[in-house]
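Engineer: One line per chain: the protein sequences are C and Z, in this order. The numbers in the working numbering rise by one with no breaks, and the one at position 209 of the first sequence is 209. Quick note, the working numbering runs 1000 ahead of the 1-based positions in the second sequence.
It should be emphasised that the hints constitute simulated quantities derived from the structure, not laboratory data. No residue lacks a Cβ here, since even glycine has one placed at the ideal position from N, Cα and C. It is possible that part of the hints are untrue.
[To be verified] Among the chain Z residues that face chain C by a calculated CB cut under 10 Å, a handful are: (1) Phe1028; (2) Arg1032; (3) Asn1054; (4) Ile1089; (5) Leu1099; (6) Lys1103; (7) Asn1104; (8) Leu1141; (9) Leu1144; (10) Tyr1145; (11) Leu1151; (12) Pro1169; (13) Thr1185.
[As the list claims (entries may be wrong)] Quick list of in silico lysine-lysine cross-link-like pairs, BS3-like style, CA-CA up to 25 Å: (14) Z:Lys1103 / C:Lys106; (15) Z:Lys1103 / C:Lys262; (16) Z:Lys1077 / Z:Lys1143.
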Amino acid sequence: MHTSEVPRRSFVKKYHIKGMIVIAILIVLFLYSLKICGVDPSLFVSNIAQFGVLIGQMSNPDWSYFSFIWDPLVQTVQMAILGTTIGTIFAIPAAFLAARNLDHSKVVHGTSRFVLDIFRTLPSLLLAAILVAIFGIGPTTGTITLAIFSFGMISKLFYEVLETVDMGPAEAMKASGASIIQIIRLAIIPQIAGQFCSFFLYTLEVNVRSSTVLGYVGAGGLGLYLQQTIDEFNYSETAVVILATFATVLVIDILSNYLRRKLQ
Amino acid sequence: MSDSDILQVNHVTKVYPNGIKGLDDISFNVKRGEFIAVVGLSGAGKSTLFRSINRMQDITNGEIFINGTDISKLKGKELRHFRRKIGMIFQSFNLVNRLTVQKNVLSGRVGYYSTWKTILGLYSKGDKEKAVRSLDHVNMLKKLYDRADSLSGGQMQRVAIARTMMQEPDLVLADEPVASLDPKTSEGVMKDLRNLNVKDHDTVLVNLHSIDLALEFADRIIGIRDGQLVFDKAAAQSTPDDLKEIYEGGNS
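Isolated chain C (complex conformation) (with noise of 0.2 Å):
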């Protein structure tokens, strides 16, 4: 009877000596980076009592701080609803530029990519203090921060969807006489409503979360409130602060969870 040859791997390929390669490299660069940035990994261990008396002061929150930071925490979430809406205003058409499968040229779609990669680079916190130094202390810089994150962000999120559309029905609306805004409206904006929607959703998620921790460098918000009770110790009011960002944050994770279910 006549068996059929198994095909045969190298050693190479049998023994995966390239992925374990890699891995060694990972293990010696890791090593060594905690080498050169002076990483003592014992201090973790011998400090971790610090870590105790710091929950015990947190341990009893003040609660009579929260009606201080009320008024702060409602303007986190504003701040954090403008600057996404803002940012997804400017990111939907930048997003049609820089989609590869629609009808433009590579110039177009290769200019706006470079810009939003930049956008995107630059950290929101970075950002914010930049931007302090431009417009000021209070809750506009910590808005136009987060416009311009979502906008860098979101147009990202929202070229990728584009990509990723069945464009058959654009070309049946074109072969019937539609304009490119026609094919746009009824052949593609069906398609990504959804994940739009939903990509909006969890940007504004990201926004609430470090729209928090803005306010550190004056850009408006909760997170003034959180630099000035460290800065005071006073660890029973940085817990309400605390406290509170975690149970928006939440609130706002399962909203959102919830509506991007829906929209599936």
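Given the coordinates of chain C, assemble chain Z onto it according to the supplied hints.
Structural biologist: Chain Z alone, transformed into the frame defined by chain C:
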């Protein structure tokens, strides 16, 4: 060209940027009201021919006249208005899955609407009634409010035919309309296309892989091999052997 010719293809050649010849000096005329099957191997140039006829792509050489108009000179709005009169049916149906059957059918009419009306999603009462009639025509009216992705392949193709009817086309190009359907469903879809031809007096060109379907439904059969026209006869005078020759010839 005579008045009864709706389409005239004169020495048409299409060379793709990578140097491949899609069409090689093809000429033929189509009379108003004809039902023509275009047969040939995958890659022979059938789709290229169709996409040249409605200017979804430009040809390299030659001329195409539709209703006496040289289509290579059309641009912008003129081109869009010209395309309204040419229906196209696709192998992959190309419906918007997330929309209802009704919205998909109405979208066939969009070439007749202004941009702002489209943005608001407004359609006239007359067109809504027209959509109902078109769907009734292909026996799909009961699915009016169903989402397109809940339909079977054959049902999707029927809806696509109803969408094309909304254009009130003079000429319908069906690009492998039954290639992804089972034999029984294919038969049904071919009958719907034939009805377009008989009841609405549309001229229909259909790309087919099935010799049997070509012989059963078409008035005339055109064969294409390697971008060249190798066969052009009335279906009544064509034999299965003739058609096999279109597929197998040129290999000897």
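Engineer: It remains to establish, for every hint, whether it holds in the given structure.
Structural biologist: For each hint, the structure was consulted:
The beta carbon of Phe1028 of chain Z is not positioned within 10 Å of any beta carbon in chain C (closest approach about 21 Å), and the interface hint is therefore violated. For Arg1032 of chain Z, the suggested interface contact is broken, since its CB lies about 20 Å from the closest CB of chain C, more than 10 Å. Interface hint status for Asn1054 of chain Z: upheld, as the beta-carbon distance to the closest one in chain C is roughly 6 Å, under 10 Å. Hint on Ile1089 of chain Z holds. Least Cβ distance to chain C is approximately 9 Å, under the 10 Å limit.
Annotation: Leu1099 of chain Z was flagged as interfacial toward chain C, and the flag holds, the nearest CB pair being 5 Å apart, inside 10 Å. For Lys1103 of chain Z, the interface hint holds, the least distance from its beta-carbon to any beta-carbon of chain C being 8 Å, beneath 10 Å. Here the hint on Asn1104 of chain Z is kept, as its CB sits about 8 Å from the closest CB of chain C, short of 10 Å. For the restraint placing Leu1141 of chain Z at the interface with chain C, the shortest Cβ-Cβ distance is roughly 21 Å, beyond the 10 Å limit, so the hint is violated.
Interface hint status for Leu1144 of chain Z: violated, as the beta-carbon distance to the closest one in chain C is roughly 17 Å, over 10 Å. Hint on Tyr1145 of chain Z is violated. Least Cβ distance to chain C is approximately 15 Å, over the 10 Å limit. Because the beta carbon of Leu1151 of chain Z sits about 14 Å from the nearest beta carbon in chain C, more than 10 Å, this interface hint is broken. For Pro1169 of chain Z, the suggested interface contact is upheld, since its CB lies about 9 Å from the closest CB of chain C, less than 10 Å.
The interface hint given for Thr1185 of chain Z is broken, as the beta carbon of that residue sits about 19 Å from the closest beta carbon of chain C, more than 10 Å. Straight-line distance between C-alpha atoms of Lys1103 of chain Z and Lys106 of chain C comes to about 33 Å, which puts the hinted pair past the 25 Å bound. Between Lys1103 of chain Z and Lys262 of chain C the alpha-carbon distance is near 22 Å, which keeps this suggested pair within the 25 Å criterion. A threshold of 25 Å between alpha carbons decides the hint, and for Lys1077 of chain Z with Lys1143 of chain Z the separation of about 34 Å lies outside it, so the pair is violated.
Checked against the numbered hints above, the structure breaks hints 1, 2, 8, 9, 10, 11, 13, 14, 16 and satisfies the rest.
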